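*Asks:* Using the sequences and the accompanying hints, generate a full structural model.
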Amino acid sequence: MSTVEVLFWLLSCLAFASAILVVTTNHLVHAALWLVVTLGALAGCYLLLTAEFVAWVQVLIYVGAVVVLLLFALMLTRAPTAPEAATSTRNQPVAVGAAVATTAVLAVVLVDGFRGARIDVDGDPAGAADLIGDAIFRHWVLAFEVVSVVLLAALVGAIVLSRRGTDPSEGGG
Amino acid sequence: MPLLWPLLLSAALFGIGVYGVLARRNAVLALMGVELMLNAANLNLVAFDVWLRDVLVSGQVFTLFTIALAAAEIGLGLAIVLRLFRAYGHVDVDRVGGEPATVLGGVEAER
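Quick note, the sequences are listed as chains B and V, same order. Count the first sequence with numbering that gives the first Met the number 0 and you get residues 0 to 172, in order. Count the second sequence with numbering that gives the first Met the number 0 and you get residues 0 to 110, in order.
No lab work stands behind these hints: they were computed from the structure. Hints are not guaranteed to be accurate.
Unchecked claim - Here are some of the chain B residues that sit facing chain V, going by a computed Cβ distance under 8 Å: (1) Val3; (2) Phe15; (3) Tyr61; (4) Val62; (5) Thr76; (6) Ala153.
Said to hold, decoys possible - Some chain V residues near chain B, calculated using beta-carbon distances under 7 Å: (7) Met0; (8) Leu12; (9) Gly19; (10) Val27; (11) Val33; (12) Met36; (13) Ala40; (14) Leu75; (15) Asp93; (16) Arg94; (17) Val95; (18) Gly96.
Nothing here was measured: the structure is a model prediction, and the numbers come from that model. Just so it is clear, CB atoms sit at the ideal spot from N, CA and C, and this is done for glycine as well.
*Replies:* Pasting the structure below:
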């Protein structure tokens, strides 16, 4: 095994273990922090797959912005420092069954379809920033603009949803 | 590197995300499960793109779009969770739905 393969293997194990901890820990803040580890390990995987630009965007937006937003949500909805007694619902066994079934179906299909295929990670990087920028602004520029409109709509929607109403019981104005 | 490694990792992450969405009681924790599933899809897209060496780099560009949409989704999700918290005083998705009058009343009062 080459260095890249060993590193990918280690990062995969790290991402898998921390993802398990994200969905099982009883500390709300710990779940968000384990999510940082998962996303960081995935960024490392992108780097090893030579997708540099995606890796840095992952670090900037996921680890930087999304996790901070999640922590905000946790802080605003309750004091999250103490562990919660019940963080899982009654249908936990059903959820385990559904998750295992989903993973099994996906794994069987993927193993059946792509056994023996190999990624060439030693050649030119597949995701350097100039390559991605060229592709976005040459071929995908319409989709890029649509995404900007979607972001604007989401922004407006979030403001409308979280605006305090005139209901006197909510104390807003 | 075998193509199967990132694909199997993404299948496992997707399953963990499904479990998180279905089994978690707190709405914010359920959103974390959604994030895990989105990341699994992203890893798949990047792996296939690097494998195929697509001329249009479509896999990685789609990954960037997915990341942007995930940011939009988490912003809206946070707004909905806050709304839920104001209406019910908790964000327990199992106990939501008992008294819809509060939520509807709040929406109506705003108009």
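*Asks:* Next, verify each hint and record whether it holds.
*Replies:* Now for the hints, and whether the structure bears them out:
no.	hint	verdict
1	Val3	holds, 6 Å
2	Phe15	holds, 6 Å
3	Tyr61	holds, 7 Å
4	Val62	violated, 11 Å
5	Thr76	holds, 5 Å
6	Ala153	holds, 4 Å
7	Met0	holds, 5 Å
8	Leu12	holds, 6 Å
9	Gly19	holds, 4 Å
10	Val27	holds, 5 Å
11	Val33	violated, 11 Å
12	Met36	violated, 10 Å
13	Ala40	violated, 11 Å
14	Leu75	holds, 5 Å
15	Asp93	holds, 5 Å
16	Arg94	violated, 10 Å
17	Val95	violated, 12 Å
18	Gly96	violated, 14 Å
Comparing the model with each numbered hint stated earlier shows that hints 4, 11, 12, 13, 16, 17 and 18 do not hold.
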